[in-house]
Amino acid sequence: MNLPFIKKLSTKALIILISSELAAVVTGPPGNGDTPWVGFHDSITQKASFFGLFVTGRWALFYAIGIISYLAVHFFKKLNSNNSAMDSLRSQYSSVAKNKYFKLAAVLVIGVLAILLPTVITDPFWREAMVSQIAVFVLLALGLNVVVGFAGLLDLGFVAFYAVGAYATAWCTGALPMPPIFGSHVNPFFAIPIAIILAMVAGVILGIPTLRLRGDYLAIVTLGFGEIITLFANNLTGITGGAQGTEQVPHFSLHIGPLKYIWGLDPVPYYYLVIGFVILFIFIFYSLEHSRVGRAWTAIREDEVAAESLGINPLKYKVMAFAIGAASAGFAGVMTAAQSNFLTPATFTLALSINILVLVIFGGMGSIFGVVFGAIVIQTITMYLIHTPPAGYQPPDLYIYIGALLVIMMIFRPGGLFPARRRQRADVATSSLENSND
Amino acid sequence: MTNLFEVSNITLRFGGVVSLSNVSLYQKRGEILAVIGPNGAGKTSLFNSLTGVYQPQEGSITFNPKEGEPISIIGKKPHVISHTGVARTFQASRMFNALTTFENVKIGAESHKGIGAIGAILRGPATRKDEKYSDARTWDLLDFVGLRAKANYIASSLSYGERRRLEIARGLATNPEVLLLDEPAAGTNPSEKLELTDLIRKVRDQMGVSILLIEHDMKLVMSLAERLYVLNFGSVIAEGTPDEIRANQNVVDAYLGTTTAEGAN
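Chains as they are written, first to last, in the working numbering: chain A, 1025 to 1462; chain B, 2 to 266.
Treat the hints as calculated values from the structure; they're not laboratory data.
C-beta atoms are modelled at their ideal positions from N, C-alpha and C, and glycine is treated no differently.
You may find that some hints are simply not true.
To be verified - Here are the in silico distance ranges between beta carbons for each label pair:
(1) B/G147 / A/K1127: 28 to 36 Å
(2) B/S160 / A/F1126: 32 to 40 Å
(3) A/L1137 / B/K67: 55 to 63 Å
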């Protein structure tokens, strides 16, 4: 330990002290006129626990998380900068990961694990979470990945397509005040194509006027679109059931000749159904990524003017990315509506859009495997904190944990857990070019 | 035989700033034509008008493809103009940096087909045939510009000279009748410049693609171009063969300078 480091550490410690107190107050109990200082008081006295590992005051807990994160980052950077062993390890890892048979084996192992998972997990909470909070979010993340990862369009209102899918299901099955198209109580299976098509149409309707915008402007417009859909669901009581929503979406069922099966309250059959569709969507998105379409998306993302000069119509491809991304969100909506039977506009919030975006960023924008993995990791952490909350855990604390995770990740792996090959390459090349110019 | 490009009296304004004023020019089929002039003379604006990036307020631009009707360029989107057979490179090379050299060229080779999302998912025989064709064409073009060995390199890891050649290959992949080169020699060293001169001539002679060129390097321009236009303050001040331009007093005053001053090269 040298003196400058300690000096630097003490400045950082002060910054972390202030920001952790801020975090503790912000996530603590709400104050009121009579007790304006309750938030500050409780931030010191209230006990909180870090995943049950140790128990201390809220402020002290956040402070500890901050200091530990800072030290971890500091020493990782130091280790990284003067350790060539790390580099050789990394190159060995990447050469193994590039092996075709290794990839195939990895996919097979993951597939078998996914099939066997319900036999291992017997806790009803986790069985439910596996379907409604993890598998459905994998679908949502896969869809947003097409928009954000492949085409590079920041969409902050992705939840709108999820809502369209869910409400389309309720509509087709006669659960909404609005009369259904095929009489009442249609099997949700028939709702799947309708919901997907309606979500895609919503994508096209949103896309055509807005995709002429770029970057920040597009983000704001999509954010607005997400809010509009929620407001529609809330206020068009005669069509959507208003704020109360509906509770009558039927379960999936199968009647083919002698074969009869009804998906009921047990989440496991739903799990297999969703997993089947997750595999289908992964296959579709993977094929698209490695086709003319995927290359055109990358070209537009990298340099729109150059792409146009080569004869690529950017608007067409961007609208297509919106529609294809919306398809998987629409399907996720069908699953949510049918599995939980009920539907309210309160589900489709901006926070949910951001949540899905976090899954994509955490996993690695543009990397299908990364996004699936990221969705599983983040949603599992979220569910764990809800299922077994550490002492003193407040629901808003979730964002502190996820936020800290994201910040650390951005430092260690800026491209996400499993960065996309195409994005990673650009980063490496640019940085090596910059270094050579120095 | 009609001219390839027929530009008549185009005026391009940005608010009160006149970027091109009353510019008329033509390009013969199979010609290597150069546009020179000092910085800010409107050369790149002219290119952008020809490729649909800018829309001139007045005048007309007609492009006569080998087959089919003459096409009016003004009012068309860049990607539509690309489909008619006009390809270009950019002043600051604009690669798709996340993609390999091979993929960069392949995007040009396949961009003129339909989107084919369904085909891409199902990978039917038609899609595979298309892919095979694009791959073959891409390899041919990489051979042509001499980048076969760098096919799997990331575009941003190439040297400036290689990037210029990659951009030319990418433009040629769209199967154009004319290739617009915006300062292809910028940032290249003398030996790369020689290679580039040969390559551009080869594009015209072997592929039959006409060349329209903006360049500041006088040695390159004078050795390559068959005819030149000189722009200054958005207007054409001279037109002629390299020898005529060298002798033109207006051009010497505006751009080339006298032999006693540096810059005549």
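Structure-based check of each hint:
1. B/G147 / A/K1127: 28 to 36 Å: holds (33 Å)
2. B/S160 / A/F1126: 32 to 40 Å: holds (34 Å)
3. A/L1137 / B/K67: 55 to 63 Å: Since A/L1137 and B/K67 have Cβ atoms about 59 Å apart, the given range 55 to 63 Å holds.
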